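Going line by line, the protein sequences match chains A and B. The numbers in the working numbering rise by one with no breaks, and the one at position 104 of the first sequence is 104. The numbers in the working numbering rise by one with no breaks, and the one at position 100 of the second sequence is 1100.
Calculated directly from the structure, the hints in this document are not laboratory data. Every value quoted in this text rests on a predicted model; they were computed, and no experiment measured them. Cβ coordinates follow ideal geometry from the N, Cα and C atoms, glycine included. Treat the hints with caution; some may be incorrect.
[As the list claims (entries may be wrong)] Part of the chain A face toward chain B, derived, beta carbon under 8 Å:
| no. | residue |
| --- | --- |
| 1 | 31 |
| 2 | 34 |
| 3 | 239 |
| 4 | 244 |
| 5 | 287 |
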Amino acid sequence: MADPSNEKLDTVTGFKTTGHEWDGIAELNQPLPRWWLWIFYACILFSVGYWIVYPAWPLVFSATNGVIGWNSRTAVDEAIAQLQADRGPMVDKLSKTEIAAIKDDPELLDFTRAYGSIAFKENCAPCHGAGGGGAKGYPNLIDDDWLWGGSIDNIAHTIAYGVRNANSDSRYSEMPAFGRDGILTGAQIRDVTQYVRSLSGLPVPHGSDLEAGAKIFADNCASCHGDDARGDQEIGAPNLTDAIWLYGSATPDVVATITNARNSSMPAWSERLDPTTLKALTFYVHNLGGGE
Amino acid sequence: MNVPAHIEDDPDSGKSFYAKHKKIYPQSVRGTFRRIKWIVLVVTLGIYYFTPFIRWDRGPGAPDQAVLIDLPGRRFYFFFIEIWPQEIYYVTGLLILAALLLFLMNAVAGRVWCGYLCPQTVWTDLFLAIERWTEGDRRERMHNDAGKLTPRLAARKTLKHALWLLTAWWTGGAWVLYFADAPTLVYDLATLQAPFIAYLWIGILTFTTYALAGHLREQVCLYMCPWPRIQAALTDEYAYNVTYRFDRGEPRMSAKKADAARQRGEAAGDCVDCHQCVVVCPTGVDIRGGPNLGCIQCGLCIDACDSVMERLDRPTRLISYDTDINIEQRLEGKPAISRVVRPRTLFYSILILVVGAVMVWSLSARSVTSVNVLHDRNPEFVVLSDGGIRNAYTVRILNKRTIPRNFAISVDGLTDPTVEVTAATGQDGDQVVTVAADQTREVRVIVSVAEPPAEPSVPVTFVLADTEDGSVASATDNFRGPGTGK
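For reference, chain A alone in the conformation it holds in the complex:
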C-alpha cells in the first residue's frame, strides 16, 4: 500500500508521487475527486436499504422477508392473474361463439388459434407431436384421414371423451387379437396381410395367395372394416385402402397388428380442461389442415 504522507515530487511532470517506489519506478498520485468516494459510500448505504426492503439474507430454513413483502412467487401469480384478466374478454367471447362462426371474426380467429395452440402444446403434443404430425401408433392430426371422423362435432367429441377409456361417453371399439386368441393360423394371417397390403397398392411378395387372403378378409375383417375395406368411422375402424398406416405398412407391422390387435387409448379431456379450452382445441385441430 502506498503511503501518501511520504510523497515526493516528480521532477518531470511536476506531480507528487504516491511515495512508493518499485525498483526506481514511482507512481504519480492522481487523486480521485472526493465526491466519487461519497457516491461509493452512498451505494453501500443503498444496498443496506435493499436488504431491509427486499428478501435478502438466507436463514436456516427460510430467508428474511423484506418489509414491503415482495416475493417472486407472488409476482408470478400477479402476472398470471393479469394475463387472465387481459384475456378475459376474448375468452368470454370465445365461450359464447359457435365454433363454425369463429372464422367470421378475424380477431377471435387469431385469438382462438393462439389459445388452442397453447392448449395443444401443453396437453396433446406429448403423443401427437408439437405440430400434430403424430408418430407410429399416435394418429397424425393434419392429414385427411380420420379414425373417428374429422368434422367439428366428431373432433369435439373425441377430444372431450377420448378413446377406449373409463369415461362412459368414450369412443369405444375393440379389434380381436386374431393370432394371439387362435382365431386365425399363422399362414392365414400371412395371406390376409398381403391381401390388405395389396389393397393400398403396396407391392406384395411373389407367390402370395391373394385369393385366400380375400376370403379370410371377407370372413373375419369385413364386418368392421367393410366389404370394400374402407373402414367405418362410427366404430373407429381404419380405412385399409389409403396410403396412411397408423402402425406401419411393412409386412411385419401388419402381421403384428392382426396377431395382437392394437386398441390404443386416449384420455377424456373434458375431465381435465374447461369447455372453452376444449372449444379452442377443437377449432385448432380442425384448422391444422385435416378438418372436414
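Chain A is already provided as a structure; the job is to place chain B on it using the hints.
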C-alpha cells in the same frame, strides 16, 4: 499532457488519494466564440424543447406528431418516415453516422463537439447564465461564497436553484413528450391525469439535469466522460485545437515591463499574464500550459485574450485555433501549415457519404408490404390418404400503409398446387386475406400436391398481390416431401 490548473494547485495534492472539489467561477466574456456558443445553444435547445409540438399529417388513424416514439404501438415516426421495430437498423445507421461525424469533427477541429454541441456543455452554459443573472459575475460570486450567508444572498441562491429546477423540470418534461401526443400529454400532466411513468421520467431527468448541469459541470468532462480519452487516441498533429502561441507569448510579463525590455532590446512576449484566459474557462484550465485533458476547446479563452490584446493594441489571436504541428513550426521560425484535407479527413468524409447514401437508398427503396414465411417443422410434410403431399406454412404479412389492404396469395414453383389459407375469403377463385391499416397479420397456408415431387425439397415462392393496386411482394421457402427420385 498537463492537468487542470485547479488540481495542480490543490494543496491536498499528494497528501491524500482524494481531491477536494474546488468550485470554478467562470467569468462572463464577449466575443466571436461566445456568440457562436449562444447561437448553438438557442438552436439546439429550441430543437429539443419544441420538436414534439411540430405536427405532421399522416392521414386518419395515424398520429399527427412529426417526431414520435410510440412504444406501445411499436412504431417510430420521424416526419415522412415510419420505422417498424425490425427496421431498427436505420437507428444503427444513424448511430454509425453520428460516430463518423464525431471522428471527422475531431480530425478537423479537435473537441469541437465538447466545446459547442455536447448536451453537458449546452445545459451547463444555460445554468451558468442563470447563475450569473441571479448571483452576479465571477468576482461577486466568489466574494459572496467566501463571506457570510446574508438573507439577501440566501434569497438570490434560492432564486437560482428554483430557476435551475424549473429548467431541469422543463428538460425532463420535453423528453417525455417525444413518447406520446405532446399537446394531450401537456394537458394530462397539468391536470394530473398523465400516467405515473411520465411523472417518474420527468423526475429522473429533472434530477440528472439539475445535478449534472448545475452542480457537477466540468466534473462530468474530467472524470465521467469517456470521449476525452478516446478523442486523444483519434487526434493527430494537424487537428485545430485551442492553442496558446508560445512563440509570441513568451517570455510573459506585464505591458510596462515588456515596453522596458523591448527598449533595452531584450525579448518580451505578448502575454501580459493577466489570467483572463483562466478565469473565463468553464473547466478551470490554464491553456498556456499546452494541450490539456481538461480543455473542452470552447474558445472562450480566445475571446478573453483577444479583448485584452485589442486594449493593448497588440495583434489578436495570441490564443487561437491552431495545430500541434504549427506550434513546432513557429518555434522553429517556419511558416504555419494547414492540412484540413488529408487522408484521415478524406477517409471519414467518404465513409460518411457511403453510409449516408446506403441509408437514403434503403429508405427510398423501402417497401410498404413485406412477407415472412415460416415452414412447419414438425412434421415437415404430411402424406395424404391418396398418396399426395401436403406442407403447411405460417405466413406473416406486414402492411405498412395507413389503409387496410387485401392480398391475393398464390404459390409458384409446384405443379397444380392446392392452396388453402386460414381466414381467407375466396374472391374470383383467389385466396384473399385482409390486413388492417399499419398492421401485421399471420395466416396459415396449407399447400398440397396430388403427385409427390421427385425431389425431397422444391423451392417455392409465395406471391402476395395487392388486389387494389396490383403491387406484389414475395418470399421464398421450400416444399418438402419424401422424394420419390422419379
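Now the hints, each set against the structure:
1. 31: holds (4 Å)
2. 34: Status holds, d = 4 Å.
3. 239: At 7 Å from the nearest chain B Cβ, residue 239 (chain A) passes the 8 Å test, so the hint holds.
4. 244: holds (5 Å)
5. 287: holds (6 Å)
Against the hints set out earlier in the document, no violation occurs for any number.
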